[in-house]
Amino acid sequence: MNKSLKEKLESTFKDIRTASSEDSRIAVSAESDNVLAILRFLKDAGFDHLALLSAVDWIEDNVFELCFILTSYMQNDDEVTSRQRLHIILKTRIPREKPHFKTVTGIFPNAEPYEREMHELFGIKFEGHPRLTPLLLEREYEIPPFRKDFDTRKYVQEAFEKIPFVDDKDK
Amino acid sequence: MSLEILLIIAFGGAPLTYLFGKTSEKIRDFLAVVISLSLVAFVACLYGKSMEKTFYLGFFGLGLVLRLNVLSWFFAITISVVGTLSIIFSLSYIKGREKTDFYFLMMLLVNAAMLGIVLAGDLVSFYIFWEIMSWSAFLLISYNKGPALAAGMKYIVMSIIGSVCFLVGMLSLYVSFDTLNISQIASVIGSASSGYILFILTAFGIAFGIKNAVLPFHTWLPDAHSEAPAPFSAVLSGTLIKMGTYGFLLLLYVIVGLKLFLGLGRGLLSFHSILCFLGAVTILIPTFIAMLQTDAKRLLAWSTVGQAGYIILGIAFGTNLALAGGIFHFFNHAMFKALLFFAVGAVEFRTQTRDLDSLGGLAKKMPVVFIGTLVGICALIGVPLTSGFVSKWLIYKTLILEGSPFLAFFALAGTWGTILYSYKLIHNVFLGQLPEKYKDIQKSPFTMQLPMIVLSLAILVFGILPGIPLKVINAIGTSFGFESLNITLWGITSETGTLNTINIFSAVLVAAVLSWLLFRLGAKSVSVSQEDSYAAGAYTPTDKYHYTAEFYNPLYRMTKPFLRDVIDGFYYWIASSVRSLAGSVRRIYSGDVGYYVMYIILFLTVLIFVQMRWKIW
Amino acid sequence: MDRNQITKWLKAPAKMANKYSLHAIYFCTGCGIIEVPPVITARWDAERFGVIPVATPRQANLFLITGYVSIKTLRAIIRTYEQMPEPKYTVGFGSCPINGGMYWDSYNTIKHLDKYIPIDGWIAGCMPRPEAIFIAVTHLWTLIDKEMANGYIRYRENYKSYRRNQELALGKLEWPPLYPVSDESRGNKQ
Amino acid sequence: MVVKITQIILSPILALVVGVFFLGLARKIMARIHWRYGPPLIQPVIDMIRLFYQKSVSHGSMFDLGLILSLAGSIVVVLFLPFGGIAPLSGSGGLLVILYIMLLAPLGMALSGGQGANPNISIGISRKLILGLGYEVPLLLVLLAVMTRYKTISIMEVVIAQQSTGWSFISFPLFLSGLSYFLILPAILGLRPFDVSSAPQEISSGPMAEYGGKYLALATIEHAFVLFISIALFVNLFLGGAANPAIFFVKMLVVFVLGLCINAVFPRFRIEQAVKYLWKWPTLLAFLGLIITLAVRS
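Chains as they are written, first to last, in this note's numbering: chain A, 1 to 171; chain B, 1 to 617; chain C, 1 to 190; chain D, 1 to 298.
One chain only, chain A, in its complex shape:
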């Protein structure tokens, strides 16, 4: 099944590399501007469940790598057993300075909280996102915490150690 899918992918999109480590996993890496087209294509091909949207911070090559993991909810044709259920991980790289990307909520509405999390923890701005407000964290951070150049020990030093213990002298 995934053999034909790989040919179909490579035929429709140029400069795309697909590799499949095991029989039910396909890794697809593509350019950032035709990611939306690929996502729509995969959705029409039956992969209607965006399982995960996350980012990887390659600080040496100064780039963020967005990973979309797609699978299908109810692929209930009989020959696909659960072991063979197909997972596709779509990777794309975006520059690290002023990282921005187009929102995918148009295709996968359930990506909305993932994108808010990406924005809050990595600082990736998603244009067209309905409400890009903080999701998990309580305080503001100038360097988003999940970035590799965020020094958590230094942050804890400034934020929490400075708060003095309560002792009885200042009643």
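Quick caveat, the hints were computed from the structure, so don't treat them as lab data. Careful, some of the hints might be misleading.
[What the hints assert, rightly or not] Just the calculated beta-carbon pair ranges, DEER-fashion:
| no. | chain 1 | residue 1 | chain 2 | residue 2 | range |
| --- | --- | --- | --- | --- | --- |
| 1 | D | Trp279 | C | Cys126 | 51 to 59 Å |
| 2 | D | Gly166 | B | Glu495 | 19 to 27 Å |
| 3 | D | Gln273 | B | Val281 | 26 to 34 Å |
[Said to hold, decoys possible] Not everything, but these chain C residues come out facing chain B in the computed CB check (under 8 Å):
| no. | residue |
| --- | --- |
| 4 | Phe27 |
| 5 | Cys28 |
| 6 | Thr56 |
| 7 | Pro57 |
| 8 | Arg58 |
| 9 | Arg79 |
| 10 | Thr80 |
| 11 | Gln83 |
| 12 | Glu174 |
| 13 | Pro177 |
[What the hints assert, rightly or not] Which chain D residues stay away from chain C? Per the calculated CB distances, all over 10 Å, these:
| no. | residue |
| --- | --- |
| 14 | Pro12 |
| 15 | Phe21 |
| 16 | Gln43 |
| 17 | Tyr53 |
| 18 | Gly166 |
For glycine and all other residues, C-beta sits at the position ideal for the given N, C-alpha and C.
Could you slot chains B, C and D onto chain A? The hints should help.
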């Protein structure tokens, strides 16, 4: 001090205030209050004197009779007191509105008409005052335009049907007995056949049933009460629908007499048991509907229909305890329902809304109104220290001991329904959280607080010492031919179970002091603002944190399939079918003369043909 | 366990009653709450000692802070602690409330809970077993006996510095200060 | 007269002792059912002493007065209820007065809860009133059956009548009413299957969410009184109400323990399920009881 002077003052005062209103507001207000107060004083000093005076005004030779006995005195004093308080209340309620002179004219006219009904000795004057009352009530209901006009229309249509039935009954009485004096009819009606008496009972019963909102005829009441201005809806539900009660009393006990009334019909189909059943059903169904209302006045209107069921049940049941309970409940209902309508009016005057879902937390802002509502709902429920309890106790005791437990069940189940909707009223308006927009409303003006204070005191005094009104009611009972109950100052002593409010009052007082001491035993408590309440560690937002919406939602979900308003739908169906019928008739009058000539010729030919064929003449 | 010594009851009823009727507020603050159900139910039955979970802080006088404290939870903990009536005791479960424990360098957890609300008793361990919880309860008894369980008094006396620490950690606090903070720069009178 | 005074003073104290003992017993039995040791029998007393020493929070005057009114209502009902030989005021009003003063307790609690501006309280109160509507229908049918059966509205006469004709729980028509009353007993007391109005987990103990130290103590005392009242009413009307308090207490103990054991094993009803159940089986039994008593009587 004779009756016609009383009526002249009542009826003369109304136009007088209207004229003075043209010149200055102050004089008109002062005059209205003075007139109604003088009426109260005159009626009060007429206590005990029963008199009858006839005036031959040459009206087809029928005498216009004015008479006063204990029954009409009791109704007259209630009408004048509630009328005066509502006028005092409306002094500041109507100030900003337009057409205030017309409003005062109508209010005084309604009170005067009701006094007239109660003092009328013959059916003609009864009917005249009845019509004056209905029409002035119609004008007052449709006072503030908009939906009030439709409500007024509905009210007046049903009143007219009632008046027509009354007219039919009156004419048939005149034809068969050629006298309309109530006392003469009462003496001579025994000779009539039971079928004829049944006809009289149904005719007058429909007229008084519509006015007293017995179940099938109750649909006009919720609209009329919620659209009328608050002081008038207090009078409307306090005393105006009680004219139906007065009518029933007159009909069942004075004109037809108890023995005849109980003898009519056999077993379950007798007029007596049908009326009791109607009364019982009128208690239960409106109480359930009242629970699900979201408009304060509509809730009180449905509760009025329910409480009127108690009165009808009391009167129709026939024993002297039930009669005493019914009349005493009329007196209590006039007081506490007027109090509750005044309270809702005061809240509406300040917050411009009656919607129970958007109000809340007014207890601290309007303490006097809150205490008044509290006493009002305690009397409505029948909590032991209020007068409501005594009248309900009388009705329940006789229902149980006379062996009709199902009527007692309907009445007792009605009590819990009353608790639910009266708690909803006080909780959604006074308790709970104060919304942001009502943070700075002031207290209600003194002219609004005075009636509430007077009524609350009256309820508590008559609750603790029910002997005072019970003495008068006992006199009414004896005037109807019952043997008198032995009334003590604080209840009734009888071998099958005595009521002793002094015991209850002292027990509750001692228990309250005891628990207050127990309360003081603990450490002092810190008073805290309404934002500081437990919400799972989160901070309670002040603006949109309102939770009194849909207070009895589980109950609503359970009873939703049965909630279609069948009776109102039936009336609207009749109205629409009549309208469509009329539409088809209108096609005949097409408007050009040719058709009319053709109709005449056709008709003549038919006549000639019939004459040729069967020679009728 | 001197519960049935009548002389003690007569001498100091308040202290004895506080000891043998500790109502713990059932508020799950961290990973340690998984230890509380076995403490309450059949296996270890805390009710023998008079410790029962209650639903609202108003009815409670014992606050178990179980497990790590994230910044968001701190806001709820402070609010709940301030809503508990006066003789109230807090017990910190596990090493995370003591000094941050495993999450000592995390940007999102509170390291020393002691800076924000007073704590009367600590139980070490990365989720102490129910027996350790009973040891804490008995420890609390001795503290109450010796009048050393005065967390709420410390909170009342140095409320200004507690409030300042809370605002440093959480930024703006929506609710007014519990006790009147003297200098007028901060909140208004309660 | 002196005997009456001592009885008036004695019966609330006795009722309080019995009620608090039942509360402690309930917690002990509940613990034993869960295979736990459970607290000592006097645990409620310890809790109350602690609560009286604890500071508390008040939301306004109605918040305090409502609770005082509800406790006063419960105390007064105890005065009207014969307890064994002690029946101080049962002559001045009978069963109807008791029925009406029993309304004072939930009304007072609702009014005081309403002032504490908390959504949990409002939801709890609305559930409590709907549940009240639920169990009132069978309760009224049961009381009417008893009153028509003995043709009186005073409890003393019912008790005296039962001395001669034997327990009404045994006599045929009233057996159904007795059974129906026993089925709605947990609803009146707010015990396990019907504690939907003060559910600690869902609405953080409903109307008592804002009750702190002494308020909670007064609420538990009032709950103890309600416990005493509803069981004493059952014993008086159906089990013949004994001559001296000791036998009366034994009868109450049997009824309470039996009721508690049955109800401790039920999960909590939703409010609709509770009312549907209450209007189905207990009402049917009570209705049959009333019909048969009417048929037998006439």
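Which numbered hints fail = Hint check: 5, 13, 16 and 17 fail, others pass.
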